[in-house]
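S.K.: Join the two chains into one complex using the hints; note that each chain is given alone, in its own frame.
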Amino acid sequence: MKHALTIVFLVIISGCSLAQDRFKLTLGTGLGQYKMDDPKEIQDTQENYLEGYGLKRVENFPMYLYYSGEASVRIQKIISVGLIYRLQSTGCKSAYSDYSGVFKIEQIVKANNVGVLADVHLWNKNKFFLSGQTRIYYGWTVLKYKEYVEIYDVDSGLYNSTAELKSESVMINPDLTFSYELTKHFFANLSVGYCIDFKGDITNRGQTVRNFEGEVLQTDWSGFRLGLLVSYKF
Amino acid sequence: MKTRCNWFILCLTSVVMTCCIFVPDDDDNFKVVNPNSTVAPLQIDLAIADDTVDVSGPTYFGYDIKGFEPSRSYILLFITEGASGAPVLTEFNGELQYTPDIDSGYVKATIRVMTRSGTQSLADRLGLEQIVFERSWTLKVFTRLPKEARAIVRPEQGSLKVSWDKYNKKNFKAYKVIRIRGSNYSVAKTITDPDSTFYFDRAFVGGEVQYSIVTEVIYGGFSSGPFTTFDDQETPELVKYEPVGNGKLKLSWSSSRYPLNVRGYDILESNSPNGSGDLIYSTNEPNDTSFLYLPRFGQVGYINIYTYSKVNEDPNYVHSKNVEYVHGEKIEPYESIYFDPAGNKYFIKNKNYLSAYTIDQNLFVAKTEVPEFMSSFAISRDGDEIFGVFEDQLYSWNTANLQTNYQRDLSSLLLANQYIVGVGTSKDSKLLLSKSIDWSGHANLLFYDPVLQVVKDEYTGALASTVMELSANGDYMISQSLGYTRMSKLEDNKTVTNGVTATSQNTFFNPYDETQIIIGIDYPNPEGSVYIQEIETWQLVERKPTPAMDVAAMDVQSGYVVGGLDDGTGNYIAYDYINQKEIARFAACWSRLTFNKGYLYSTDGVRIKLPQ
Chain A
1 MKHALTIVFL VIISGCSLAQ DRFKLTLGTG LGQYKMDDPK EIQDTQENYL
51 EGYGLKRVEN FPMYLYYSGE ASVRIQKIIS VGLIYRLQST GCKSAYSDYS
101 GVFKIEQIVK ANNVGVLADV HLWNKNKFFL SGQTRIYYGW TVLKYKEYVE
151 IYDVDSGLYN STAELKSESV MINPDLTFSY ELTKHFFANL SVGYCIDFKG
201 DITNRGQTVR NFEGEVLQTD WSGFRLGLLV SYKF
Chain B
235 MKTRCNWFIL CLTSVVMTCC IFVPDDDDNF KVVNPNSTVA PLQIDLAIAD
285 DTVDVSGPTY FGYDIKGFEP SRSYILLFIT EGASGAPVLT EFNGELQYTP
335 DIDSGYVKAT IRVMTRSGTQ SLADRLGLEQ IVFERSWTLK VFTRLPKEAR
385 AIVRPEQGSL KVSWDKYNKK NFKAYKVIRI RGSNYSVAKT ITDPDSTFYF
435 DRAFVGGEVQ YSIVTEVIYG GFSSGPFTTF DDQETPELVK YEPVGNGKLK
485 LSWSSSRYPL NVRGYDILES NSPNGSGDLI YSTNEPNDTS FLYLPRFGQV
535 GYINIYTYSK VNEDPNYVHS KNVEYVHGEK IEPYESIYFD PAGNKYFIKN
585 KNYLSAYTID QNLFVAKTEV PEFMSSFAIS RDGDEIFGVF EDQLYSWNTA
635 NLQTNYQRDL SSLLLANQYI VGVGTSKDSK LLLSKSIDWS GHANLLFYDP
685 VLQVVKDEYT GALASTVMEL SANGDYMISQ SLGYTRMSKL EDNKTVTNGV
735 TATSQNTFFN PYDETQIIIG IDYPNPEGSV YIQEIETWQL VERKPTPAMD
785 VAAMDVQSGY VVGGLDDGTG NYIAYDYINQ KEIARFAACW SRLTFNKGYL
835 YSTDGVRIKL PQ
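Protein sequences, first through last, are from chains A and B. Per our numbering, numbering of the first sequence is gapless, rising by one per residue and ending at 234. Per our numbering, numbering of the second sequence is gapless, rising by one per residue and ending at 846.
One chain only, chain B, in its complex shape (with noise of 0.2 Å):
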């Protein structure tokens, strides 16, 4: 009895300690709930043609989801096969970008909208209960983008020519057309037929220009070709200048390579090889490439031709090399020029040299040192010497070959503050001396005998000059001193009469007449120019009709004169005033012109023989 009693007692302890703590009701407040979704069906539209596209590197595609509605919030996702996440996006631009990450292969792309279900369940409320709306294509993916197209670039059909392979495979979107030219960076074409692979650059005419083709592929790929430099210096040039009659010149240059962009030419003139110079003609017709022109002569001119594109850029034109042309013939520029009475040579002094050359060839015969400030220069009667003076020394050359005869010290001649400052030749080969006696160009006249060295006779009333001729029977002299030139007499009281300052440098004893001398007036005259008077007298015995015009150079041999028109033109006119008749015309000059047996020689180192 105990002992049952016992075990009773232990085994309801167990069972009590094991089922004794609380446990919760089995309720767990179940609701019924509608698990139909109350979302509107969403439609996407991708903006492709086919399920299958070709990619070949970052890629946008567009996409359309019809159906949102605005209460609702939705998140998209774009997955594509393999990548290693998905982007999320909650607000849809319509454009997703795809970037392979495969060299090539399919992937499937999936655009897939998800939005919560609505349905208020519990897992509605926790964001765990969804709806999917998604749509699926397959991306073909491949590496290779277009072969890069080289730009062949050549003058043709009048223009400049751009040509390139053309790109076959099916996803070719454009061709575009590169175009550097200077500054400028553009796309010249686009072009969106495949076998469309030219283009003409209505723009070049000349210079140098770039050109690069790039490929592009639907999607957004593309290759860029490397850039064909093309540069065509061969620009029209001046081909050729030749005399046409009346002093005029017909300039002609080579016509473009590139006449169907040519709009026109400017053609330049400039007196220095680097300058672009005055524009002496201009033309808008691209096969106009000749015209007549007046040249200036006593320059060497340089001509720039300017060829214009059609087509307004910058720079819309390109330019030539300057070429020198020379409206005469080129000689040694100089500051005086002296003639020997045989006409044989013509002697030149520049800077610090004295140059001999020959009057018909024009070949070079000799050179001497001088000192670079000798200004008077003068040769024998005979044509053995040539003299030079400077400060208180007389230089003797021989005219053959300028080897130097002497160099003699005047000062015996002269006091203090006096110099030599001219030197002249009369008919006895004696020296005339210009001996200055104050600065303000009072001087005495000397006749000096080179050979026995000494002082034949001396003047007083004389003015300094450079430049003395006597006339025939040594009674007369004409001068050239502070820049005009001057008729005096010589008394026989060895004073020096001064007469009257003649207005033109051009003053000359008339060859053919002793007792006369011919003046060139240097403002135009309506009546004429050339003025033929006694010298005795003064008095004007004839004056011969020329053209109004300043008359700058003279030669009473051949009876012509050169000088500027007064029509307004600018004009210079080589003019016969004994035959009276025209014999050349030339545009405006600016440099210091002596003539001299038919040749016009211009201080800038240029000679024209002027038809006889």
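One chain only, chain A, in its complex shape (with noise of 0.2 Å):
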């Protein structure tokens, strides 16, 4: 749905006259680096608790790319506001397999972020432009967690268990962004930044998930965030 009215707003927006130079669309892609210490820690726990099977990590929440739209509108001389949509996932698997089957425990964590953004025009030059941002946007976290077993040549060696978890939370990333105007209306942009999640509690068909120790597991979407992304200005 949400990839939906995304194709939708970009359609209308490419229809729309140009005029003023008031208005942006950006898209972009980047690299993020994300925390997510507690889904980090269900892993070890399944790894410890299925010690006798050789499981080994491969994935563990890498960095992983993640892609933004954006929509602003100068408001003053060198303030833009605008809307933001910006999906983002990652996730971990542990594995082990030889010649008579193969066991893997995966999660796989995404999350859709609508938000606002405001843009400050800090200085430009000939073709050059830099600008601070802050991005805050409410996202929805989706991990989905599976367990596969596949035995071979054997009737009862299948065994695939999977789990939707959902989080919510709300992110503030503020970041730096180097402009470079390509045409009149193209501009190619290298944003750093910082994204800060202040965690959502993961639940489990509406059931907070806990530990062992009982406290709360949460899904923790911050870390360093390296983007880039083309801007389209009328």
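It should be emphasised that the hints constitute simulated quantities derived from the structure, not laboratory data. Since this is a predicted model, take the numbers as computed values, not measurements. Hints are not guaranteed to be accurate.
Subject to a maximum C-alpha distance of 30 Å in a straight line, what follows is the list of computed BS3-like cross-link-like pairs (lysine-lysine) [stated by the list, open to error]:
id, chain 1, residue 1, chain 2, residue 2
1, A, Lys146, A, Lys110
2, A, Lys40, B, Lys395
3, B, Lys544, B, Lys423
4, B, Lys407, B, Lys342
5, B, Lys265, A, Lys56
6, A, Lys104, B, Lys265
7, B, Lys265, A, Lys144
8, A, Lys24, A, Lys110
9, B, Lys265, A, Lys146
10, B, Lys815, B, Lys564
11, A, Lys184, A, Lys127
12, A, Lys24, A, Lys125
13, B, Lys395, B, Lys374
The calculated label-pair distances, taken between Cβ atoms and stated as ranges, are [said to hold, decoys possible]:
id, chain 1, residue 1, chain 2, residue 2, range
14, A, Thr208, B, Gln277, 58 to 68 Å
15, B, Ser305, A, Asp155, 26 to 36 Å
16, A, Leu226, B, Ser305, 48 to 58 Å
17, B, Ser370, A, Glu215, 57 to 67 Å
18, A, Asp155, B, Asp335, 25 to 35 Å
19, A, Gly206, B, Asp335, 45 to 55 Å
20, A, Glu215, B, Asp298, 51 to 61 Å
21, B, Asp260, A, Phe224, 41 to 51 Å
22, A, Glu215, B, Glu325, 45 to 55 Å
23, A, Asp155, B, Glu325, 25 to 35 Å
24, A, Lys56, B, Glu325, 31 to 41 Å
Glycine is no exception: its CB is placed at the ideal position from the N, C-alpha and C atoms.
M.R.: This is the structure in structure tokens:
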């Protein structure tokens, strides 16, 4: 649904007449670092519990691409405000396999974030621009947990269990954006910043998920962001 | 230009949205593991000879598995084709049970042993990689158990034979002979030869016994035949007893129908129909079925034969029904007996009856009711009347038919507390009446004329007597009172001088010499127990030699005495003291005896005619 709305928004925007150079559409991607301490703890707990099966962590919530779409309007000479949508994901995987079968435990975490941004023009010279930006968005996180065992050539040798956990949180993401004017309307942007996630409680069908100590487990998207975007001003 | 940019943005967005979610790496941490199992092979052996086994019911099979490794765990499955489940065993006891759930047919049975492969692969660690060892055989199921064998029991070859029909099938295992005797239930014999379909019961000597034949087949099936009851109550019985001389009796009985089983016999004699009695003979010879026996006299005997089995089981004997025998002739038991002078009839008083029988044929003549406690009777000298007295009544009956002649009240002859206690007859047919005058036994002797109904003479100083007899001249009287027999003299002054108390109840006037009395001594005297004494002087005239004996009965007419010998045997002897010869012997008896005209009578209801 969110993807559809994004595509519709971009199609509409692309049909608008270009005037006054006040509006800006920005699309881009970037590399995000995601803390995810508690999901890592979930993975650790399962690996310890299944210690005898030789599971090894092959993915551990690495940095992964995020995708942004923004629309802003300059309200003053140096200040712009806008709306932002960002999609980010990561995950982890523990696995063991041999000739007889495979055993995997995976977590895929993704968040749809919708928020607002504020852009302050700081400096420009010739075709180079520098601005400071702050993005505040609300994220809806889905964590898919999957255990998979397959023993080859055995009728009862397939086990596949999934669970979908959710969380919601508020994130704030200040960063600096370096822009280069490619044409009168197109700009290439490089943004460097840090996302602070105020964390959201992981729930499973409405019930908070806790560890053995009774502590509530949370997602944490906090980490550095490095983005590469393209803007179109009109 | 603008349109191309817009479509570029749109396509870029679509591609990005499709490919932008994190996907884990394909690396599954593959490890190379040796797929070859490390399990040592097992050898499964079955405790049956063939691969096809006949099964007729719940059956146990033995098995043996070699090659177990102590560090491994194994599970054993016993899989039978068509069964809804297979028992899983983790401890192996070497035995499996199979219960067929089909009526007939072939069933494949498999012993399957499984253990983990030990390769340490993922499948092995999950327990999904097993090494299987198995072995199968075929069960031929049939529900027809051996036909129930019925035991046929009959005496044969001196024992008791149990036989049954042969079981012809290949799966024969054994016959078992079940025996029940009394409270004992036992397996008498186990026979593993299918052709051997008989059993001789060496323990049976009679009574009731039950047998059942159990036919067993291999692997646990069996059928039990019905119980056959054999009841032989025709145990040896007293066949006959016959005098063989010297007063002895030969007792013979039928030998057992099971002589091979008989250890011997015990013969017991009882004086009651239901008692077991005393042992009179014992033998360990099965063919010894007779013995000579000195019978008792005076009582009806009951012979009981115990047949003993050679086998010591409980019970190991059977006994016959008591067989009554009488050494002599049965007569009616009595309290007192009287004989008519002519020797034709005898009269007995028993409870409240007076009965008359002929002496020769012992035929019943007549019976009349008398007071139960009447104890003194006398027969007139002419033998026509028999008198009895009780309290103050005098009774007279006709000896021909015991019709009552009269019952006369003699109370006029009595004062208070006086009774007529005895009656006798004198030569002149007068009655001697003993009138008890006090409680100490003093009495007056009345000579009473029953016709005139008057007392002719009265003598004082007598002792109350129930039996009285006068001498031929009427001067002396033999009387019995207080357990003693006395000789008394009637003095002219109408007094009775009580003479010497005789210690024997057997004191008689000598029928051949009226001046003498004959006394049978009731204590043993080695010089003889028959004394002949002068009445007047009480001098001993002669002592008749007899064996040392207690005289119990005496017949002075025939010159016989009967009594117990003082030789430690307890036997009795009948002895002719005139001719000095033994007439008969018999075992001890405990009844009172009376001798008359060659017949010895016993109060217990027996008489015997002694040889003349």
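S.K.: Against this structure, judge whether each hint is valid.
M.R.: Here's how the hints hold up against the structure:
1. A/Lys146 - A/Lys110: holds, 14 Å
2. A/Lys40 - B/Lys395: violated, 92 Å
3. B/Lys544 - B/Lys423: Holds: B/Lys544 and B/Lys423 sit about 17 Å apart, inside 30 Å.
4. B/Lys407 - B/Lys342: This hinted pair holds, its Cα atoms lying about 24 Å apart.
5. B/Lys265 - A/Lys56: Answer holds: B/Lys265 to A/Lys56 is near 11 Å, not above 30 Å.
6. A/Lys104 - B/Lys265: holds, 14 Å
7. B/Lys265 - A/Lys144: Holds: B/Lys265 and A/Lys144 sit about 27 Å apart, inside 30 Å.
8. A/Lys24 - A/Lys110: Judged against 30 Å, a Cα distance of about 27 Å means the pair holds.
9. B/Lys265 - A/Lys146: Given that 30 Å is the threshold and the Cα spacing comes to 22 Å, the pair holds.
10. B/Lys815 - B/Lys564: The given pair, whose Cα atoms are some 27 Å apart, holds under the 30 Å limit.
11. A/Lys184 - A/Lys127: Within the cut-off at roughly 10 Å; holds.
12. A/Lys24 - A/Lys125: holds, 20 Å
13. B/Lys395 - B/Lys374: Given that 30 Å is the threshold and the Cα spacing comes to 37 Å, the pair is violated.
14. A/Thr208 - B/Gln277: 58 to 68 Å: Given a distance of about 59 Å, which is inside 58 to 68 Å, the answer is holds.
15. B/Ser305 - A/Asp155: 26 to 36 Å: Holds, since B/Ser305 and A/Asp155 (Cβ atoms, about 29 Å apart) stay within the stated range.
16. A/Leu226 - B/Ser305: 48 to 58 Å: About 57 Å separates the Cβ atoms of A/Leu226 and B/Ser305, which means 48 to 58 Å holds.
17. B/Ser370 - A/Glu215: 57 to 67 Å: Since the Cβ atoms of B/Ser370 and A/Glu215 sit about 58 Å apart, the hinted range of 57 to 67 Å holds.
18. A/Asp155 - B/Asp335: 25 to 35 Å: With a Cβ separation near 27 Å, A/Asp155 and B/Asp335 satisfy 25 to 35 Å, so the hint holds.
19. A/Gly206 - B/Asp335: 45 to 55 Å: Because 52 Å falls inside the window, the suggested range holds.
20. A/Glu215 - B/Asp298: 51 to 61 Å: holds, 59 Å
21. B/Asp260 - A/Phe224: 41 to 51 Å: Since the Cβ atoms of B/Asp260 and A/Phe224 sit about 27 Å apart, the hinted range of 41 to 51 Å is violated.
22. A/Glu215 - B/Glu325: 45 to 55 Å: holds, 46 Å
23. A/Asp155 - B/Glu325: 25 to 35 Å: At 28 Å between Cβs, range holds.
24. A/Lys56 - B/Glu325: 31 to 41 Å: At roughly 39 Å between Cβ atoms, B/Glu325 and A/Lys56 fall inside 31 to 41 Å, so the hint holds.
Hint check: violations occur at hints 2, 13 and 21; the rest are consistent with the structure.
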